[in-house]
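S.K.: Please take these sequences and the hints and turn them into a complete structure.
Residue numbers (the UniProt record's numbering): 1 to 185.
Below are the SDA-like pairs computed for lysine to any residue, each with C-alpha atoms no more than 25 Å apart in a straight line:
#, residue 1, residue 2
1, 163, 118
2, 62, 98
3, 129, 51
4, 82, 153
5, 129, 180
6, 62, 20
7, 163, 26
8, 129, 116
9, 163, 124
10, 163, 74
11, 163, 139
12, 163, 151
13, 82, 46
14, 163, 150
15, 129, 167
16, 163, 105
17, 62, 44
18, 163, 152
19, 129, 56
20, 62, 8
21, 129, 18
22, 82, 175
23, 163, 153
Note that these hints are calculated values from the structure, not bench results.
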Amino acid sequence: DKSWGTGWHFCGASIYNENWAICAGHCVQGDDFDNPNYLQVVAGEHNLEADEGNEQTVVLSKIIQHEDYNGFTISNDISLLKFSQPLTFNSFVSAIDIPAQGHAASGDCIVSGWGALTEGGSSPDVLQKVSVPIVSDDECRDAYGQSDIEDSMICAGVPEGGKDSCQGDSGGPLACSDTGSTYLA
Numbered sequence: 001d002k003s004w005g006t007g008w009h010f011c012g013a014s015i016y017n018e019n020w021a022i023c024a025g026h027c028v029q030g031d032d033f034d035n036p037n038y039l040q041v042v043a044g045e046h047n048l049e050a051d052e053g054n055e056q057t058v059v060l061s062k063i064i065q066h067e068d069y070n071g072f073t074i075s076n077d078i079s080l081l082k083f084s085q086p087l088t089f090n091s092f093v094s095a096i097d098i099p100a101q102g103h104a105a106s107g108d109c110i111v112s113g114w115g116a117l118t119e120g121g122s123s124p125d126v127l128q129k130v131s132v133p134i135v136s137d138d139e140c141r142d143a144y145g146q147s148d149i150e151d152s153m154i155c156a157g158v159p160e161g162g163k164d165s166c167q168g169d170s171g172g173p174l175a176c177s178d179t180g181s182t183y184l185a
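M.R.: Here it is, written out as structure tokens:
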């Protein structure tokens, strides 16, 4: 977690349009994290420790959890965040496409965020990214257990580890481009 001003970074999100973002459900549950007045989104952020002039900060007016979200199994781990005012799109702030219903991501995708650089380690000030391959549900179930991986989940990463998302990257994008344009997996 990175602290700045009166707040801190703890999760990422993906901009859907000028008024909404998509985030992990577990990022906005309990301990006031489900209170839209408690949370703000900083779009256009790159360096958490510097005001680069491209940031747009908005508070939330509404949080919608997936109706079947399960905080124990983390199934259907998705939420929608409604901004209290619209973002202004520019070269630093824009939306990510959503794939056609039923499209299964494949190939290498990009995970980005300010999450820890090593397990239990410190978090960077500057936005990081890493390329990870999409893993089939069968491979994922072999690695994590048959009952732990549900159809509402997606797996990405390399079996040997070493490059992955980490604590603080939750909610942020898994951006794929196997269709020719970049979209949120």
